[in-house]
Amino acid sequence: MAITLNTSTQADPPVLPEHPLRSTSRKLWSDWGTRTALIAVALLILTALTAPLLARLGGWSPTAFDSRAIDPYLGGMPRGSLGGISAEHWLGVEPATGRDLFARVVHGAQVSLLIAFAATAIVVVAGTAAGIAAGYFGGRVDTVLSRLMDLTMSFPSLIFMIAMMSVAQDVNRVLLMTVVIGVFGWPGIARIVRGEALSLRHREYVDAARVAGSGSWRILTREILPNISGPIIAYTTLLIPGMISTEAALSFLGVGVRPPTSSWGQMIAEAVTYYETDPMYFLIPSAFLFIAVLAFTVLGDALRDILDPQGGRS
Amino acid sequence: MSRQTRALSTALSASLALALLGACTTQEGGSDPDRREQPGVATGTIIGGLPKKGGTLTVLSNQDFGHLDPARNWVMPTMDFGTRLLYRTLTTFKAAPGDQGSGIVPDLATDLGKPSKGGRVWTFKLKPGLKYEDGSPIRAQDIKYNVERSFAPDLVGGPDYAQRYLADTDGYTGPLQGKHLDSIQTPDERTIIFSLRRPVAEFSYTVTLPTFSPVPQSQEKGVQYDLRPFSSGPYKIKSYARGKKLILVRNPHWAKTTDPVREAYPDQIVVQMGLKGGQIDDRIIASEGADASSVEWSDMQPSSIAKVLPRPEVKRRLVAERTGCTDMLALNTSRPPFSNLKLRQAMQYAVDKSAQVTASGGPALNDIATRYLPPALTGEGRSNSAYGRSTTSHADKAKKLLAEGGKPNGFSTTITVSTGDKTRAEALQQSLSQVGVRLKIQTVDPSVYYDTIGDTKHAPDMAINGWCPDYPSGSTFLPFVFDGRTIKEKGNQGNVSQFRDKAVEKRMDEIAAMSDAASADRAWNDLDIVIQSKSPAVPLLWKRKPLLVGDNIAGAFGHGAWTGQFDFAVIGLKDPSKSKG
Numbered sequence: 001m002a003i004t005l006n007t008s009t010q011a012d013p014p015v016l017p018e019h020p021l022r023s024t025s026r027k028l029w030s031d032w033g034t035r036t037a038l039i040a041v042a043l044l045i046l047t048a049l050t051a052p053l054l055a056r057l058g059g060w061s062p063t064a065f066d067s068r069a070i071d072p073y074l075g076g077m078p079r080g081s082l083g084g085i086s087a088e089h090w091l092g093v094e095p096a097t098g099r100d101l102f103a104r105v106v107h108g109a110q111v112s113l114l115i116a117f118a119a120t121a122i123v124v125v126a127g128t129a130a131g132i133a134a135g136y137f138g139g140r141v142d143t144v145l146s147r148l149m150d151l152t153m154s155f156p157s158l159i160f161m162i163a164m165m166s167v168a169q170d171v172n173r174v175l176l177m178t179v180v181i182g183v184f185g186w187p188g189i190a191r192i193v194r195g196e197a198l199s200l201r202h203r204e205y206v207d208a209a210r211v212a213g214s215g216s217w218r219i220l221t222r223e224i225l226p227n228i229s230g231p232i233i234a235y236t237t238l239l240i241p242g243m244i245s246t247e248a249a250l251s252f253l254g255v256g257v258r259p260p261t262s263s264w265g266q267m268i269a270e271a272v273t274y275y276e277t278d279p280m281y282f283l284i285p286s287a288f289l290f291i292a293v294l295a296f297t298v299l300g301d302a303l304r305d306i307l308d309p310q311g312g313r314s
Numbered sequence: 001m002s003r004q005t006r007a008l009s010t011a012l013s014a015s016l017a018l019a020l021l022g023a024c025t026t027q028e029g030g031s032d033p034d035r036r037e038q039p040g041v042a043t044g045t046i047i048g049g050l051p052k053k054g055g056t057l058t059v060l061s062n063q064d065f066g067h068l069d070p071a072r073n074w075v076m077p078t079m080d081f082g083t084r085l086l087y088r089t090l091t092t093f094k095a096a097p098g099d100q101g102s103g104i105v106p107d108l109a110t111d112l113g114k115p116s117k118g119g120r121v122w123t124f125k126l127k128p129g130l131k132y133e134d135g136s137p138i139r140a141q142d143i144k145y146n147v148e149r150s151f152a153p154d155l156v157g158g159p160d161y162a163q164r165y166l167a168d169t170d171g172y173t174g175p176l177q178g179k180h181l182d183s184i185q186t187p188d189e190r191t192i193i194f195s196l197r198r199p200v201a202e203f204s205y206t207v208t209l210p211t212f213s214p215v216p217q218s219q220e221k222g223v224q225y226d227l228r229p230f231s232s233g234p235y236k237i238k239s240y241a242r243g244k245k246l247i248l249v250r251n252p253h254w255a256k257t258t259d260p261v262r263e264a265y266p267d268q269i270v271v272q273m274g275l276k277g278g279q280i281d282d283r284i285i286a287s288e289g290a291d292a293s294s295v296e297w298s299d300m301q302p303s304s305i306a307k308v309l310p311r312p313e314v315k316r317r318l319v320a321e322r323t324g325c326t327d328m329l330a331l332n333t334s335r336p337p338f339s340n341l342k343l344r345q346a347m348q349y350a351v352d353k354s355a356q357v358t359a360s361g362g363p364a365l366n367d368i369a370t371r372y373l374p375p376a377l378t379g380e381g382r383s384n385s386a387y388g389r390s391t392t393s394h395a396d397k398a399k400k401l402l403a404e405g406g407k408p409n410g411f412s413t414t415i416t417v418s419t420g421d422k423t424r425a426e427a428l429q430q431s432l433s434q435v436g437v438r439l440k441i442q443t444v445d446p447s448v449y450y451d452t453i454g455d456t457k458h459a460p461d462m463a464i465n466g467w468c469p470d471y472p473s474g475s476t477f478l479p480f481v482f483d484g485r486t487i488k489e490k491g492n493q494g495n496v497s498q499f500r501d502k503a504v505e506k507r508m509d510e511i512a513a514m515s516d517a518a519s520a521d522r523a524w525n526d527l528d529i530v531i532q533s534k535s536p537a538v539p540l541l542w543k544r545k546p547l548l549v550g551d552n553i554a555g556a557f558g559h560g561a562w563t564g565q566f567d568f569a570v571i572g573l574k575d576p577s578k579s580k581g
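From first to last, the protein sequence lines stand for chains A and B.
The numbers in full-length UniProt numbering rise by one with no breaks, and the one at position 166 of the first sequence is 166.
The numbers in full-length UniProt numbering rise by one with no breaks, and the one at position 176 of the second sequence is 176.
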């Protein structure tokens with residue numbers, strides 16, 4: 001009885017197709033793994049945005065030395081167990097300087113995420129533009145753009161980045177890292193977009209638009225782009241963890257942001273020599289990097305499964 | 001941390017340095033008093049007792065030797081390795097720890113040299129029966145030949161004392177074109193006479209340098225001689241793969257009866273190169289197998305200190321002898337901002353030296369420097385400093401000087417450091433930011449560090465630079481660091497501040513001409529204070545050299561003459577049979 005009643009009430013109103021944004025967020029929220037990732041990403045972004053406030057809450061600036069928190073007679077080891085974790089220094093201190101790890105790690109989140117998001121934006125905009133143009137126009141445009149993608153992809157990018165960073169010494173490091181990482185990242189997404197655009201350009205609705213007298217610009221932005229936005233969004237989310245890792249790798253190799261600015265990669269690079277005597281110094285930035293990369297990867301995977309089901313399986 | 005410091009030093013007055021160590025500031029956190037003593041064994045102790053003959057001694061190193069060619073060897077601990085194992089010099093430092101090591105004894109010569117004409121002419125007699133590794137005799141002409149080689153433009157990098165001291169050397173370009181010097185006479189195979197351009201009271205010390213060791217003309221190979229120096233010492237080179245491995249075996253023609261210092265305990269010495277600093281520390285701390293018979297070549301990493309000091313069985317294997325060098329923050333006086341005297345003086349107060357101590361391994365390994373001349377050269381009661389002995393910064397005094405210099409709100413400036421000194425640069429950045437000076441840090445690889453700061457046109461505003469005296473005399477320190485006439489456009493060494501001051505240069509010449517060593521010593525000390533008032537550099541630290549030895553090592557101590565490196569003349573093994581790992 002009750003069952004029959006329920007079914008009938010659900011069937012009663014006319015079923016309208018759910019808005020794609022709402023359906024996507026509902027699907028994301030329904031899985032507990034993705035939900036955790038979503039919360040972690042939100043927290044990290046919030047941390048990065050409020051880094052100065054959080055650091056003030058902790059009571060330490062990321063560059064202030066605290067000579068009382070370290071033992072100079074033991075080569076500057078933090079006083080106390082677990083790398084000097086205490087009410088004063090929530091995540092302990094950096095050996096030899098006594099700088100507060102909590103303040104440095106939240107400021108590091110700012111640098112890492114800023115570079116990752118900015119570089120991703122460059123990659124997505126440049127990659128989509130190049131891919132859509134190559135796929136839709138075809139012919140000579142396609143040939144030129146495709147060869148350019150091949151060239152960029154085959155270029156030894158990491159070596160070039162290291163060389164670039166050591167040559168350009170007086171440039172703003174954050175800007176330079178963003179541009180350098182961005183310049184080498186676009187061909188991946190451009191290839192995907194090109195493939196999608198190729199398959200769409202002779203669909204009936206595109207032909208119809210063309211016959212109705214629409215210009216190329218209108219067709220690209222109104223007909224093609226909305227139909228490939230799903231894969232682009234999914235791919236973008238998957239790009240971010242790669243960008244975070246690249247920033248960390250460059251900082252690890254000593255060509256990252258200029259001291260005393262902190263970034264996760266730089267902190268990990270400095271902590272390597274202390275892995276035995278002060279493991280917490282190594283663990284804390286590593287944990288943040290791990291959580292950030294994992295959360296963005298899980299989120300990106302889930303988004304791809306929802307928005308681009310075929311792409312995920314190919 | 002592979003900073004190479006030119007030349008060496010000697011611990012003349014150890015007591016003063018110890019007094020200064022005791023004068024370090026107490027941290028507010030309160031350290032317990034018994035840890036304020038120096039790390040490792042006390043100065044003057046020999047680790048492991050008396051060695052036994054035989055076995056293989058392994059030296060673990062993160063780098064290759066710069067030059068083993070005696071005419072080119074002027075990088076600090078490499079001079080120790082060369083003169084103690086491969087070539088003998090006219091005189092040499094005693095094989096003794098602490099203060100006694102600064103004394104010299106005749107080596108190839110029969111005595112410490114006979115001066116005549118008021119110290120302008122020095123005569124040395126060679127011992128009879130001295131032989132090279134092939135059994136041929138060592139002749140006085142061979143020593144003359146090597147001194148002449150140090151003039152050759154191809155054979156760069158060696159000590160330039162022969163150029164500075166010998167008479168009539170203008171335009172001389174070495175013996176490779178068949179020209180020889182008249183200012184060195186060898187009337188017979190066992191007599192050598194040096195004629196100097198001015199009296200040099202301490203010439204007996206000068207001839208401890210590798211320039212004054214024998215190289216037979218028949219063995220001349222030009223720049224290739226670097227790979228295979230012909231041995232006059234207790235060991236000869238069996239094989240040498242640059243950057244990888246050097247193996248020394250006994251020289252059967254070296255006779256202990258002619259040699260007052262070298263004991264040559266091990267049968268074989270192997271130098272493993274190109275290892276990572278932290279790994280070397282870990283291997284020697286563990287002391288497993290052949291590593292128990294190993295010593296380390298380069299300084300222990302500051303991050304390893306916490307693995308050593310709390311463990312008594314490892315701590316007693318740590319040597320931390322004074323290097324005798326002064327570590328300075330050179331201010332580039334050739335252009336703004338530091339062409340302005342007031343801004344330079346402000347830096348003396350703005351730099352927090354205790355933060356430098358912590359960043360370099362803590363008070364256990366460093367003393368705060370209050371002047372340019374290291375304690376070994378200043379003597380008791382003469383350690384005056386123009387800026388007081390404060391260990392932390394004086395922001396108010398610094399700000400006053402900045403205002404007088406026309407920069408009340410501070411300024412932007414640059415520093416270049418090698419990657420290992422990044423923490424030190426950050427400590428500087430932090431202390432300078434207190435007075436509004438914004439410091440931009442540029443880190444470069446250690447291998448190109450000296451080329452970078454030695455390029456006078458593109459040099460940074462600040463650089464961390466050290467200098468060690470070659471032997472206990474102010475004449476081996478101040479003229480190398482603050483004489484404006486020694487500045488070279490590229491590859492500039494020593495005077496990194498590019499400090500040019502006519503009055504100081506004139507005074508240096510006057511002191512160099514003094515024949516009385518004691519009054520010259522006083523004059524160098526007074527000149528130190530004069531230069532401090534002109535502030536071309538901020539004295540930062542007097543460092544110790546921390547080195548670990550394996551469990552099976554005996555007879556090890558840091559020798560003051562070679563920046564605290566082990567004395568390779570007397571180091572050996574407790575149990576040679578264990579060294580076959």
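If you're looking for bench data, these hints aren't it; they were derived computationally from the structure.
Each residue gets a CB set at the ideal place from its N, CA and C atoms; glycine is no exception.
Some hints could be false.
To be clear about the criterion: a stretch of chain A counts as covered by chain B if any three or more of its residues have a C-beta under 8 Å from a C-beta of chain B, and this derived list gives those stretches [claimed, not checked]: (1) 54-67; (2) 89-97; (3) 253-262; (4) 275-287.
Chain B is faced by these chain A residues, among others (derived, beta-carbon under 7 Å) [said to hold, decoys possible]: (5) Pro72; (6) Tyr73; (7) Leu74; (8) Gly75; (9) Met77; (10) Gly80.
Pulled from the structure, derived: some chain A residues nowhere near chain B, Cβ distances all over 12 Å [stated by the list, open to error]: (11) Leu21; (12) Ser25; (13) Ile122; (14) Gly138; (15) Gly215; (16) Arg304.
Q.
Just want to verify: arginine 304 of chain A was marked as not at the interface with chain B; is every Cβ pair farther apart than 12 Å?
A. 40 Å, holds
(Q) Just to be careful: measuring from the Cβ of proline 72 of chain A to every Cβ in chain B, is the smallest value less than 7 Å? (A) 4 Å, holds
Q: Under 7 Å, Cβ to Cβ, is where glycine 80 of chain A needs to be relative to chain B, so tell me if that hint holds or is violated.
A: Constraint on glycine 80 of chain A not satisfied, violated at 11 Å.
Q. Does the claim that glycine 138 of chain A lies off the interface hold, with its Cβ farther than 12 Å from every Cβ of chain B?
A. Holds, because the least Cβ-Cβ distance between glycine 138 of chain A and chain B comes to about 49 Å, which exceeds 12 Å.
Q) If you look at each residue in the segment 275-287 of chain A, do at least three have a Cβ nearer than 8 Å to any Cβ of chain B? A) holds (count 3)
Q.
If we take the beta carbon of leucine 21 of chain A, is the closest beta carbon in chain B still more than 12 Å away?
A. 46 Å, holds
Q) Hey, does the methionine 77 of chain A contact hint survive, CB to chain B under 7 Å? A) Methionine 77 of chain A check passes; min Cβ-Cβ to chain B is 5 Å, inside 7 Å.
Q: Test coverage of the segment 54-67 of chain A by chain B using CB-CB distances below 8 Å; three residues minimum.
A: holds (count 4)
Q.
If we take the beta carbon of isoleucine 122 of chain A, is the closest beta carbon in chain B still more than 12 Å away?
A. It holds; isoleucine 122 of chain A is separated from chain B by about 26 Å at its closest Cβ, greater than 12 Å.
**Q.** Claimed coverage, the segment 89-97 of chain A by chain B - three or more beta carbons nearer than 8 Å
**A.** holds (count 3)
Q: Three residues minimum, CB to CB under 8 Å: does the segment 253-262 of chain A make the cut for coverage by chain B? Let me know.
A: holds (count 4)
Q) Should the interface hint for leucine 74 of chain A be scored as holding, given a Cβ-Cβ cut-off of 7 Å against chain B? A) At about 5 Å, which falls below the 7 Å cut-off, the nearest Cβ of chain B leaves the hint on leucine 74 of chain A intact, so it holds.
Taken one by one, the earlier hints fail for this structure only at number 10.
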